[in-house]
Each structure stands twice: as C-alpha cells, then as structure tokens.
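From first to last, the protein sequence lines stand for chains A and B.
According to this note's numbering, the first sequence is numbered sequentially starting from 1.
According to this note's numbering, the second sequence is numbered sequentially starting from 1001.
Calculated from the structure, these hints are not laboratory results.
Here the structure is a predicted model, which is why all the values come from computation and not from measurement.
Misleading hints may appear alongside valid ones.
Claimed, not checked - Label-pair restraints from in silico Cβ distances:
hint : chain 1 : residue 1 : chain 2 : residue 2 : range
1    : B       : R1087     : A       : S51       : 44 to 52 angstroms
2    : A       : S120      : B       : R1085     : 50 to 58 angstroms
3    : B       : Q1025     : A       : M142      : 38 to 46 angstroms
4    : A       : V5        : B       : D1093     : 21 to 29 angstroms
5    : A       : A103      : B       : R1085     : 36 to 44 angstroms
6    : B       : R1085     : A       : H89       : 39 to 47 angstroms
7    : B       : D1093     : A       : P115      : 39 to 47 angstroms
8    : B       : R1085     : A       : M138      : 20 to 28 angstroms
For each residue, glycine too, the CB sits at the ideal point set by N, CA and C.
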Amino acid sequence: MLTAVLFWLFGVSAVVFGFLVFRLDSMARVTFALLASFVFVACEVLLLGLSYLGVVIVLMMVMEMVIMAVFMIMYMMNPAGLMPMAMYHNKPGAMSVSLGTFAVLATGTFLVDWPESRGSRPSDTTKSLGESLMGPQMLTMMVLGLVLFATIVATVVLATNRGRYDRFGDDLRARPDDPVPGGVRR
Amino acid sequence: MNLELFLLLGSSLLAIGLYGALSQQSVVMLMMGLELMFNGLVVAAAAFWYYVAPVAEGQVLIVVLMVVMAVEMAVGFAVVTAIFRARDVDMTDMAADLRE
Chain A
1 MLTAVLFWLF
11 GVSAVVFGFL
21 VFRLDSMARV
31 TFALLASFVF
41 VACEVLLLGL
51 SYLGVVIVLM
61 MVMEMVIMAV
71 FMIMYMMNPA
81 GLMPMAMYHN
91 KPGAMSVSLG
101 TFAVLATGTF
111 LVDWPESRGS
121 RPSDTTKSLG
131 ESLMGPQMLT
141 MMVLGLVLFA
151 TIVATVVLAT
161 NRGRYDRFGD
171 DLRARPDDPV
181 PGGVRR
Chain B
1001 MNLELFLLLG
1011 SSLLAIGLYG
1021 ALSQQSVVML
1031 MMGLELMFNG
1041 LVVAAAAFWY
1051 YVAPVAEGQV
1061 LIVVLMVVMA
1071 VEMAVGFAVV
1081 TAIFRARDVD
1091 MTDMAADLRE
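Please put together the full structure from these sequences, using the hints given.
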C-alpha cells in the first residue's frame, strides 16, 4: 500500500515538474524543476529496488543541473524571471506531435501482451551490477569509458577559443590579423 | 504498481520532453527536452528490469542511458559554445542553414 502511494506521488511529481520546465519564466527555476523531475524518477528507480543506480542518478543529476544552471544564465535572457518568457516556435504542431506520441505509446503499453518475468531478482542488485560490469559486460564498460574520454576531448576542442595556430582562418593565402605581429619581420 | 503504470509514466515524460525539444527556440531549452526524454527511457528500462528480465544486463542498460545523457549534455553545450563564438547564435531558428 505504501509503495503504491509512493509510486503515484513520485510519478505525478516527476510529470508535473517535467511539464513546469517549459512553463516557468525563470531560468534558475526551470533548471531546478528539471532537477526535481530527475530526483522523483530516481525515487521510482529506488522503489524498484535499484538502490545503487537510484542514488547515482540523484548525484549525477544534481551536478548536471548545477552546471546547466550556469549555462542557462550564460546563454539565456531573463535568468531571474522578472518578466514573462516565451521562446516557442510551432507550438501547436509540437503539442500535437507529442500528444500523438503519448497516445501511441500508451495504447501500445496496454495492448501489448508483455512477457512474464524470467528468472528471479537478485538479493543484492548492486553486487549483481558490479559483477556484470567487471565480468561479462566488461567490453560495454570499456566502450563507455572510451566514449566518455572522446567526449572530454571533443568538448574541449569545440568549446575553446581558436588559438594562434588557427589565426589564418579558412584563407591560408591572406596575412593573419595578429594584434601583435610575431617573427623577425622578414 | 505494475509494468504498465511505469511505462505510462515513462511515456508521459518522453512526450513532455518531445514537446520541449520540438517547440523551444533556445538550444539550452531544447537540450532540457532531450534530457526529459532520456528520463522517461530510464523509468522504462528500470521497469523492464524489474518486471520482465531481472538480470544484470538490464541494469547495465540503465548505466548506458546515464552515460548517453551525460555525453548529450556535454557535447550539446560544447556545440552551443562553438556556434555562439563563431556566429553569435544561441537560438535554433538562427542555425537553420541545413534547412535552406
């Protein structure tokens, strides 16, 4: 009974806060609404017995949303929400597509004859995940590590300003527009 | 509490995220929509693990989804920073070159 109540509480809260992300005016409030939605989803994951993954989702999303708040304030006007904010395009089209998607998914959810559970749930889900990642799923773990490393390199390359080795731009025949010319002026 | 209810919750989050990704002009808000869609997928994956296949590989799928969320946000912000440096663009409508 308590589990069912918690499921509905967390589920409705996750959806409401998710919807508020696109309704609030302040960028800071928007970011924390998204964080609340993630935290309630993590609570649902915890309800399903995945204690380690639930806690990791909370920790990861708190950090991610704090970083996101910085970017929101960097790139968005009206960070404090002092005036109404509306930056939409094709709102009715987007609404109809998303409602249609929800209708198709919800219909499929209730029409599909889902299979019965195969196997029994492990008593220690964290140990089971760890053994899997360090055993049969080691290749997955290594690929994820490589992907994260490649992401670090790619994002640094993309986000840093072009340095002195890129001062010619696209036209290599022109003289570079250096504020202080280097070399020996030959 | 059953599989269908969890999938319904995941579908709701995915649909809300899709609405945001399609309707928002700001690239940052668009990425928030994508994050919400992944949020829905996490719920669905956890529910499938619990109700259909409670094997460790199901948990690994959730780990993969979380890595995808982190990569999506990092690359998204890096691209926004690069395009903002190059062209002062921070809205999707201003970066519609491929559409023309």
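Item to check | Outcome for the supplied range 50 to 58 angstroms, where the beta carbon pair is S120(A) and R1085(B) | outcome: About 54 angstroms separates the Cβ atoms of S120(A) and R1085(B), which means 50 to 58 angstroms holds.
Item to check | CB-CB spacing for H89(A) and R1085(B) relative to the 39 to 47 angstroms hint | outcome: At 24 angstroms between Cβs, range violated.
Next on the checklist: For the hint 21 to 29 angstroms, verify it against the beta carbon of V5(A) and that of D1093(B).
Outcome noted: violated, 44 angstroms
Checklist entry - Taking 36 to 44 angstroms as the hint, is the beta-carbon distance of A103(A) and R1085(B) inside that range? => result holds, 42 angstroms
Next on the checklist: Range first: 20 to 28 angstroms. Now tell me if the beta carbons of R1085(B) and M138(A) are that far apart.
Outcome noted: violated, 39 angstroms
Item to check | Outcome of range test on Cβ distance (R1087(B), S51(A); 44 to 52 angstroms) | outcome: With a Cβ separation near 46 angstroms, R1087(B) and S51(A) satisfy 44 to 52 angstroms, so the hint holds.
Next on the checklist: Can you tell me whether the CB distance of D1093(B) to P115(A) sits inside 39 to 47 angstroms?
Outcome noted: holds, 45 angstroms
Item to check | M142(A) and Q1025(B) - C-beta distance against the hinted 38 to 46 angstroms | outcome: Hint holds: Cβ distance 39 angstroms, inside 38 to 46 angstroms.
Against the hints set out earlier in the document, violations occur for numbers 4, 6 and 8.
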